[in-house]
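Using the sequences provided together with the hints, build the complete structure.
One letter stands for each residue in the lines below.
Number of protein chains: 2
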Amino acid sequence: MSKIAVIGYGVVGSGTVELFEKNRESICKKVGKDCSIKYILDLRDFPDSPYADKMIKDFNIILNDDEVEVVAEVVGGATFAYDYTKQLLSKGKSVVTSNKELVATHGAELLKIARENNCNYLFEASVGGGIPIIRPLNKCLAGNEIEQISGILNGTTNFILTKMIREQMDFASALKMAQELGYAEKDPTADVEGHDACRKICILGSLAFGKQIYPDMVHCSGISNITLDDVEYAENAGYAIKLIGSVKPVDKEHVTAIVCPRLVSKSNLLASVDDVYNAISVTGDGVGDVLFYGQGAGKLPTASAVVGDIIDCLKHHNRVLAMSWDDCEDKSYVVNYKKTEVSMYVRIKADDAEELKSAISGMFGKLMYIERNGRPDNEIAFITPNMIEEDIDANLTILSHSCEIASKIRLL
Amino acid sequence: MSKIAVIGYGVVGSGTVELFEKNRESICKKVGKDCSIKYILDLRDFPDSPYADKMIKDFNIILNDDEVEVVAEVVGGATFAYDYTKQLLSKGKSVVTSNKELVATHGAELLKIARENNCNYLFEASVGGGIPIIRPLNKCLAGNEIEQISGILNGTTNFILTKMIREQMDFASALKMAQELGYAEKDPTADVEGHDACRKICILGSLAFGKQIYPDMVHCSGISNITLDDVEYAENAGYAIKLIGSVKPVDKEHVTAIVCPRLVSKSNLLASVDDVYNAISVTGDGVGDVLFYGQGAGKLPTASAVVGDIIDCLKHHNRVLAMSWDDCEDKSYVVNYKKTEVSMYVRIKADDAEELKSAISGMFGKLMYIERNGRPDNEIAFITPNMIEEDIDANLTILSHSCEIASKIRLL
Chain R
1 MSKIAVIGYG VVGSGTVELF EKNRESICKK VGKDCSIKYI LDLRDFPDSP YADKMIKDFN
61 IILNDDEVEV VAEVVGGATF AYDYTKQLLS KGKSVVTSNK ELVATHGAEL LKIARENNCN
121 YLFEASVGGG IPIIRPLNKC LAGNEIEQIS GILNGTTNFI LTKMIREQMD FASALKMAQE
181 LGYAEKDPTA DVEGHDACRK ICILGSLAFG KQIYPDMVHC SGISNITLDD VEYAENAGYA
241 IKLIGSVKPV DKEHVTAIVC PRLVSKSNLL ASVDDVYNAI SVTGDGVGDV LFYGQGAGKL
301 PTASAVVGDI IDCLKHHNRV LAMSWDDCED KSYVVNYKKT EVSMYVRIKA DDAEELKSAI
361 SGMFGKLMYI ERNGRPDNEI AFITPNMIEE DIDANLTILS HSCEIASKIR LL
Chain V
1 MSKIAVIGYG VVGSGTVELF EKNRESICKK VGKDCSIKYI LDLRDFPDSP YADKMIKDFN
61 IILNDDEVEV VAEVVGGATF AYDYTKQLLS KGKSVVTSNK ELVATHGAEL LKIARENNCN
121 YLFEASVGGG IPIIRPLNKC LAGNEIEQIS GILNGTTNFI LTKMIREQMD FASALKMAQE
181 LGYAEKDPTA DVEGHDACRK ICILGSLAFG KQIYPDMVHC SGISNITLDD VEYAENAGYA
241 IKLIGSVKPV DKEHVTAIVC PRLVSKSNLL ASVDDVYNAI SVTGDGVGDV LFYGQGAGKL
301 PTASAVVGDI IDCLKHHNRV LAMSWDDCED KSYVVNYKKT EVSMYVRIKA DDAEELKSAI
361 SGMFGKLMYI ERNGRPDNEI AFITPNMIEE DIDANLTILS HSCEIASKIR LL
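Line order of the protein sequences matches chains R and V.
Residue 287 in our numbering sits at position 287 of the first sequence, and the numbers go up by one each step.
Residue 321 in our numbering sits at position 321 of the second sequence, and the numbers go up by one each step.
Hints listed in this document are in silico derivations from the structure and should not be mistaken for laboratory results.
A portion of the hints provided could be inaccurate.
Note that identical chains are pooled: a pair holds if it fits in a single copy or bridges any two copies.
Think about it this way: if two alpha-carbon atoms lie no more than 35 Å apart in a straight line, the pair counts; the simulated DSBU-like pairs of lysine-lysine are [stated by the list, open to error]:
id: 1; residue 1: 33; residue 2: 299
id: 2; residue 1: 299; residue 2: 266
id: 3; residue 1: 86; residue 2: 315
id: 4; residue 1: 30; residue 2: 338
id: 5; residue 1: 22; residue 2: 57
id: 6; residue 1: 252; residue 2: 211
id: 7; residue 1: 338; residue 2: 54
Written out as structure tokens, the structure reads:
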């Protein structure tokens with residue numbers, strides 16, 4: 001009889017218990033032995049829960065119960081969860097988690113502790129909710145050198161952008177709707193400013209390239225400055241604006257990683273990923289492009305990934321399922337994104353806008369101007385050719401003496 | 001030092017060797033030990049190959065070499081490959097394969113032999129080429145009861161349908177182009193009539209529901225009867241015609257499985273999957289819908305999956321990576337698709353077509369008529385409501401006394 005404990009009975013925790021109990025019969029068949037949830041740790045009281053008899057408040061009960069083989073840490077954050085996870089792994093108990101913050105900030109260390117103690121630390125749920133991505137990247141695509149990972153990694157911002165694109169709702173109204181529907185928090189900063197997506201691209205990059213990428217190494221900008229005018233220009237040029245997390249190698253020793261809104265060509269499937277859905281595109285030197293799509297958050301989708309990891313741990317108790325990456329001391333491992341090439345969408349405002357065109361063309365060479373219905377005479381939008389970003393900035397600095405740079409958004 | 005053998009030096013075999021050698025350094029790092037390809041078995045001579053020194057013609061050299069831990073069987077077919085695979089697994093050597101025919105017809109038996117001999121039989125490459133789907137289905141989604149799998153599983157037919165949809169090329173011309181580009185074989189039957197897709201949906205269904213589904217249990221129809229008129233009607237109603245393999249449970253003891261062209265709503269991402277790309281949509285009771293997309297065939301994409309499996313076998317030598325399904329003696333496990341519900345697109349021809357409308361409405365109740373530019377007076381197209389397929393057929397049989405049933409295509 002294999003016993004499981006769940007730490008945290010919030011949205012993901014209660015979903016994990018619900019899905020496990022619902023499908024327990026077939027889960028036991030897959031594991032090859034009887035297994036059940038023995039404890040649910042939460043500081044709150046749930047007297048009316050059907051699982052009230054499993055509820056505990058003392059972490060040490062789980063830590064010291066030799067029957068417990070696997071613990072689902074779904075409490076979130078990097079304080080208690082960090083401490084608990086270290087203790088559990090040190091005792092040889094496998095831990096599975098949806099905690100992207102913890103994996104993104106302490107992944108290398110926790111994977112090492114797991115390996116040393118002959119158990120597993122799995123986190124399929126930490127990126128893309130229920131979408132299988134960690135295991136496919138680590139195993140199915142292991143024969144490839146990964147050339148790029150780009151993804152829509154945050155459902156809240158994708159919902160907001162979808163409303164802006166499809167229904168011409170402005171950012172503030174779309175955010176309000178997302179909050180009313182429960183897709184966005186009261187304080188939406190972590191989603192809207194890209195911090196959530198940043199943690200996820202850090203995890204994917206760490207796994208793909210073997211070295212921990214910490215969130216503070218990654219430039220991160222959000223969607224709060226995107227206007228409906230930008231959405232319309234993008235649409236007219238054949239693009240959709242999406243918040244994209246990207247990571248790719250520059251050379252054998254360096255990567256670039258960035259989270260920012262981007263113009264995504266409509267020929268790219270990522271442009272068709274709408275509402276709260278997430279998708280991750282991976283390019284490998286053998287496989288070419290593959291894409292993984294699904295619900296990137298939510299109670300049962302995230303629980304699906306947690307329970308999948310629980311099953312894998314139970315099936316391979318006391319056997320390490322190889323997954324690891326090295327720690328990274330050198331902050332220069334992630335190169336400055338300003339030193340890399342990109343195409344940029346730029347919108348400027350100036351009284352004599354039309355007259356600036358020859359100066360702009362002189363600066364950027366072959367560029368593309370974009371139109372929109374009712375474009376005012378004092379506005380111009382264009383897409384630069386591919387060039388080093390700091391060179392684009394230098395040009396825009398000069399240009400800013402004669403106009404206002406109203407928007408600039410990178411292309412994917 | 002772990003040694004690998006490759007059986008078959010055709011497209012996938014040579015791709016496997018190429019990708020492995022290209023990325024060998026990082027592969028060895030992932031495996032945690034030095035590993036190399038020792039033998040390549042092929043009856044043909046390749047004197048100019050850079051791997052000529054590894055080429056052999058005698059299978060027994062591989063079988064009897066204790067250094068060989070993993071064999072990639074990429075020779076195809078269910079004759080030699082079947083015999084070789086059984087012998088290798090019986091000796092405790094893991095086998096990885098892209099051979100969908102063999103997995104679809106002998107999977108249960110071969111998985112059992114692998115388990116009994118403490119080795120692995122992996123076949124990520126057998127479905128969707130390089131797209132990760134076997135491992136995600138078996139592991140990441142293990143916490144779900146799978147409710148449906150539907151996929152575009154054959155790149156050749158998807159290329160042909162894309163040409164018909166996007167460029168109004170007729171079937172024969174599109175097939176000819178596919179042959180000229182090397183996407184279709186000289187004898188295109190296995191692709192065009194759906195047999196290739198059938199083997200793949202059998203593998204996915206066997207894995208998802210735990211019981212072998214054999215290809216002869218699955219109704220299979222191809223795309224050779226699809227006309228440009230059908231494509232246009234579908235387009236006007238908001239659908240794209242795609243060759244879809246589907247499997248889903250009917251109850252605890254039965255499934256349905258079918259391969260046929262279908263009208264796919266444009267709100268479904270599968271409708272946007274074009275050219276030689278494949279995509280597989282999986283619905284689980286926890287995760288909801290997830291979709292996996294990429295190149296479903298080709299030298300390096302397929303090799304990507306083969307090499308990924310090789311790495312997994314090397315990492316877990318002498319340790320069984322649990323995956324299995326039961327054999328299935330009972331042909332009624334797959335229920336007759338005629339007994340299940342479906343909506344049907346129907347195109348009829350009759351001199352007095354318009355006058356048949358009241359009879360048709362009487363038969364089918366609430367149905368939807370579709371228009372197309374230049375629709376001749378003697379033609380009507382409509383979509384039936386969702387009903388048992390044999391009831392639709394019974395109606396159409398009656399109708400066929402007054403008209404010609406020119407096309408009928410299921411909706412997804």
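Hint by hint, here is what the structure shows:
Taking the closest pair of Cα atoms, residue 33 and residue 299 come within 35 Å of each other only inside a single copy of the chain (27 Å); across copies the shortest separation is 40 Å, beyond that limit. For the identical chains of this complex, residue 299 and residue 266 are neighbours both inside a copy (30 Å) and across copies (27 Å), given an alpha-carbon limit of 35 Å. In the homo-oligomer, the alpha carbons of residue 86 and residue 315 lie at most 35 Å apart both inside one protomer (22 Å) and across protomers (25 Å), since each shortest distance falls under that limit. Proximity of residue 30 to residue 338 under the C-alpha cut-off of 35 Å is restricted to the inter-copy arrangement: shortest distance 32 Å between copies versus 49 Å within a copy.
Only within a single protomer do residue 22 and residue 57 lie at most 35 Å apart by alpha-carbon distance; the minimum there is 24 Å, versus 53 Å between protomers. Within a single copy, residue 252 and residue 211 get their C-alpha atoms as close as 12 Å, which meets the 35 Å cut-off; across copies the closest is 45 Å, which misses it. For the identical chains of this complex, residue 338 and residue 54 are neighbours neither inside a copy (53 Å) nor across copies (48 Å), given an alpha-carbon limit of 35 Å.
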